[in-house]
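Asks: Work out the full structure, taking the sequences as your base and the hints as a guide.
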Amino acid sequence: MKAKHQRLVLVIIALLAIVGAGLLAAWGLRNQANYFYLPEQMASDPPAAGQAVRLGGMVQKGSIRTEADGVTVNFMVTGNTADAIPVRYSGILPDLFVEGSGVVAEGSLGADGVFVATNLLAKHDENYVPKELEGMGTEQAAKMAADTTVGLK
Amino acid sequence: MTAEIGLAALWLAAALAVLQMVSGAFALKAAPGEVNALAMHARPAAVVQAFLAVLAFAMLLYAFATTDLSLKLVASNSHSMKPLIYKLTGTWGNHEGSMLLWVGVLALSGGLLAGFEKRLPERTMGATLAVQGFVALGFYAFLLLASNPFERLPVPAPEGSGLNPLLQDIGLAIHPPTLYAGYVGLSVAFSLAMGALLTREVNPAFARVLRPWVLGAWVLLTLGITAGSYWAYYELGWGGWWFWDPVENASLMPWLAATALMHSVSVLAARDALRTWTIMLGVLAFSMSMLGTFLVRSGVLTSVHAFAVDPERGAFILGLLGLYIGGAFTIFALRAGAVAEGKRFAAVSREGALVFNNVMLSAILAIVLLGTLYPLLTEAFDVRVSVGPPYFNPASAIFAIPMLLVMAVGPLLRWRSDKPARLQFELALIAALVIGVIALVSFFGQFPLLPLLGLGLAAALAVAALLPLRGRSLKRVPVATWGMVIAHFGIAVALFGMACEGAFSKERLAAVVPGGTEQIGDFAVTLEGVTPVAGPNWTAIEARLAVRQNGGAPVILTPQARNFWSPPQSTSESALLTKWNGQLYAVIGQQAEDGRWQIRVWWKPFVTFIWYGGILVALGGLLSIAGRVSVDVRRRKATAQGDQRRADLDALGAAAPVPAE
Chain S
11 MKAKHQRLVL
21 VIIALLAIVG
31 AGLLAAWGLR
41 NQANYFYLPE
51 QMASDPPAAG
61 QAVRLGGMVQ
71 KGSIRTEADG
81 VTVNFMVTGN
91 TADAIPVRYS
101 GILPDLFVEG
111 SGVVAEGSLG
121 ADGVFVATNL
131 LAKHDENYVP
141 KELEGMGTEQ
151 AAKMAADTTV
161 GLK
Chain P
194 MTAEIGLAAL
204 WLAAALAVLQ
214 MVSGAFALKA
224 APGEVNALAM
234 HARPAAVVQA
244 FLAVLAFAML
254 LYAFATTDLS
264 LKLVASNSHS
274 MKPLIYKLTG
284 TWGNHEGSML
294 LWVGVLALSG
304 GLLAGFEKRL
314 PERTMGATLA
324 VQGFVALGFY
334 AFLLLASNPF
344 ERLPVPAPEG
354 SGLNPLLQDI
364 GLAIHPPTLY
374 AGYVGLSVAF
384 SLAMGALLTR
394 EVNPAFARVL
404 RPWVLGAWVL
414 LTLGITAGSY
424 WAYYELGWGG
434 WWFWDPVENA
444 SLMPWLAATA
454 LMHSVSVLAA
464 RDALRTWTIM
474 LGVLAFSMSM
484 LGTFLVRSGV
494 LTSVHAFAVD
504 PERGAFILGL
514 LGLYIGGAFT
524 IFALRAGAVA
534 EGKRFAAVSR
544 EGALVFNNVM
554 LSAILAIVLL
564 GTLYPLLTEA
574 FDVRVSVGPP
584 YFNPASAIFA
594 IPMLLVMAVG
604 PLLRWRSDKP
614 ARLQFELALI
624 AALVIGVIAL
634 VSFFGQFPLL
644 PLLGLGLAAA
654 LAVAALLPLR
664 GRSLKRVPVA
674 TWGMVIAHFG
684 IAVALFGMAC
694 EGAFSKERLA
704 AVVPGGTEQI
714 GDFAVTLEGV
724 TPVAGPNWTA
734 IEARLAVRQN
744 GGAPVILTPQ
754 ARNFWSPPQS
764 TSESALLTKW
774 NGQLYAVIGQ
784 QAEDGRWQIR
794 VWWKPFVTFI
804 WYGGILVALG
814 GLLSIAGRVS
824 VDVRRRKATA
834 QGDQRRADLD
844 ALGAAAPVPA
854 E
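So the sequences go chain by chain: S and P.
In terms of this note's numbering, the first sequence opens at residue 11 and continues consecutively.
In terms of this note's numbering, the second sequence opens at residue 194 and continues consecutively.
Read the hints as simulated data drawn from the structure, not as lab findings.
Every residue gets a Cβ at the ideal spot worked out from N, C-alpha and C, and that includes glycine.
Treat the hints with caution; some may be incorrect.
To give a feel for the contact side, a few chain S residues facing chain P, derived at Cβ under 7 Å [as the list claims (entries may be wrong)]:
| no. | residue |
| --- | --- |
| 1 | Q16 |
| 2 | A24 |
| 3 | I28 |
| 4 | A31 |
| 5 | A35 |
| 6 | L39 |
| 7 | Q42 |
| 8 | A43 |
| 9 | V81 |
Every beta carbon over 10 Å from chain S, so not counted as near; a handful from chain P, in silico [what the hints assert, rightly or not]:
| no. | residue |
| --- | --- |
| 10 | L212 |
| 11 | E344 |
| 12 | P351 |
| 13 | W470 |
| 14 | V576 |
| 15 | P583 |
| 16 | V602 |
| 17 | A625 |
| 18 | G745 |
| 19 | D787 |
| 20 | R793 |
Here are some chain P residues pointing at chain S (derived, C-beta under 8 Å) [to be verified]:
| no. | residue |
| --- | --- |
| 21 | S263 |
| 22 | A529 |
| 23 | G564 |
| 24 | V580 |
| 25 | A590 |
| 26 | F592 |
Replies: Structure (structure tokens):
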């Protein structure tokens, strides 16, 4: 290497790498960010099958069905309108996951229109609590849930 | 009374920070080599300030230990029924207490620097202490004006409202103080970097002063992240060890910057190259600490770590962040040109490899930073997103893989300039290991790409880490070199654990009747029964699981689903069976209507290696500090002896000895 402008060369290499990282991040974030859907949004403008998204709403009354294996649950999630999204989840349910409670399901929409959840986030009060609220006290969580779930009663 | 003493100590400490700042700044007015009369107060101010800040923290600790319910902070975060250890750790399990700990450690490290560091020129030291005082002052102001930990209640509360049960864990005793000490250690690195930049003293002597602080902070950050990861693993009951949670990222980013800084400081100390780059990383590392504190403490992120959602505090920390970081980068931009270029080196050299790794670390830092801030940015436009492993894993791997490959070769290269041909054997060995292991593992089954690459890299790196010892007498290898070897080996161990966890984990989820058995891998798990149990401040249902490996003697595991009553909350206590080659991880769920219990069991081969690796890395850092310090002590002793002998000779009036040609 020509020794004359070594510092300049180093700066350029570092800048290139950082800009490269930035571009990669921008591209990755546009493709991999996990969007939040309300049931009515998912009904009118569904995400691509298999794309990781989050679905938030209320567990419809009388919709929880446990399958014969004892660990797979099916239920419907509703929002402000009559739209209801069927959800399937295999795993340990959050404490006091009950009908009429709020829930955020992480997962993806299957080709058959059933939302397959890999993770359910709920808490033991009538407000559902997204991941960010895990571990907060009830009162704080209720306040935050009200702030973060605009347009949902 | 204790609370008033604590508060008074804090105000006095803040006043001393002003004195330290002003007095330190006068050192800059002195001509090089001279001492300004007003600059002599900076060191004592820093030392006394350290004493006062620690005293304030001790007072709060005492209030928590005795559950002084007339203090607002104690009443809202503690409970007289809590075990003593969690009363104590609860001191920093809340916003105000944790900020007081932050400030206490900041003042303590400032005091240590002022009290014991005599190698730097007085001007540089004065500037450094001024910057340190300035940083401390901002945080005193934050504590005293926006989050006073010693606030009294008009009427003492009858009982405290308890501590978040997730935080009632021994992990909390270790994790935050180590991370904070690491963050704050980087503040000393920042002050030293600014001091050196202001007085144009960026040279190897400065790097040798900076190095132990960077190494120390880095060791503490490594331990803090390792402990935090293990805590999340067993306490959250989700079976994962890293979630790319914003709060985890907030601790990872300073670590990445500190790792880069540590290597660049070594180049500056050994070879007098990378001067401005080192200063830049010093500023960056502390910026990331501040950003981490801001993200975690301001409430912009809501998580188990965000104790107080208070926009005023968020704005205050953001203001401090802007002031320090903006100021530092302004000074950097103005002064960087005045720092003469260091020694040059060829692209293929140890410096070259270190620069490459520095750049890769910075790129990973950029990836993590953007991924962490992106949800905050989109929220401003009312779009809610969360960013998780599908983004972070591949994006960071793109830079981590070349970095790990160069890391395998780097320590084998010579300083200044080297020929790749000299390392033919080593390069072939590393390449063969990467390719061989990947081929061998893929032969046995289909595995995800990243864990597969991780396995190959881990094997190559483990061998490559030991190669610098080849052909040397092990007894004569310097302690600091041992540190490097062990730290690099630790990275390989941790990588192996991560890759095995990713590639070979087995999971079984089932509803089981009492007496029923489930098979996972070599293990037969029998649910013997479910019983209610009670602790000091919780009740739980507890499953008795008998685990038999290949039909051997049973081991009993007791996972619990706990319900705390103050504050009311439930947590899942996982039960772990640790073998040398992995862990069995069991969680109990709810009871189905037909009386069966949900049981979730994972077999995670070699998952423990992740944290063993972390501990090895930290141990390597410790050895490196020990090695450097002992060399420095020996050098000082030799210099002192030489001076003594010369003085003796002068006293005898003998002729000065002629150096042998």
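Asks: Take the shortest C-beta to C-beta distance between P/V580 and chain S; is it under 8 Å?
Replies: holds (5 Å)
Asks: Does P/A625 sit more than 10 Å from chain S, CB to CB?
Replies: Per Cβ check, P/A625 is outside 10 Å of chain S; nearest 28 Å; holds.
Asks: May I ask you to test the interface hint for S/Q42 with respect to chain P, counting a Cβ-Cβ separation under 7 Å as satisfied?
Replies: Hint on S/Q42: holds, closest Cβ of chain P at ~4 Å, below 7 Å.
Asks: Would the least Cβ to Cβ distance between P/V602 and chain S come out above 10 Å?
Replies: Fine: 18 Å to the nearest Cβ keeps P/V602 off the interface.
Asks: Minimum Cβ separation between P/P351 and chain S greater than 10 Å?
Replies: holds (19 Å)
Asks: Checking a non-interface call: every C-beta of chain S should be farther than 10 Å from the C-beta of P/L212. Is that right?
Replies: holds (39 Å)
Asks: Next item in the hint list is P/S263. Is there a CB on chain S closer than 8 Å to its CB?
Replies: Violated, because the Cβ-Cβ distance from P/S263 to chain S comes to roughly 22 Å (cut-off 8 Å).
Asks: Next item in the hint list is S/A24. Is there a CB on chain P closer than 7 Å to its CB?
Replies: holds (5 Å)
Asks: Answer holds if the nearest beta-carbon of chain P is closer than 7 Å to that of S/I28; otherwise answer violated.
Replies: Nearest chain P Cβ about 6 Å off; hint holds.
Asks: Does the claim that P/D787 lies outside the interface with chain S hold up, using a Cβ gap greater than 10 Å?
Replies: Given a closest Cβ separation of 7 Å, the condition is violated.
Asks: Does the claim that P/E344 lies off the interface hold, with its Cβ farther than 10 Å from every Cβ of chain S?
Replies: holds (19 Å)
Asks: So is P/R793 really clear of chain S, every C-beta pair being over 10 Å apart?
Replies: violated (5 Å)
In summary, the numbered hints that this structure violates are 13, 14, 15, 19, 20, 21, 22, 25.
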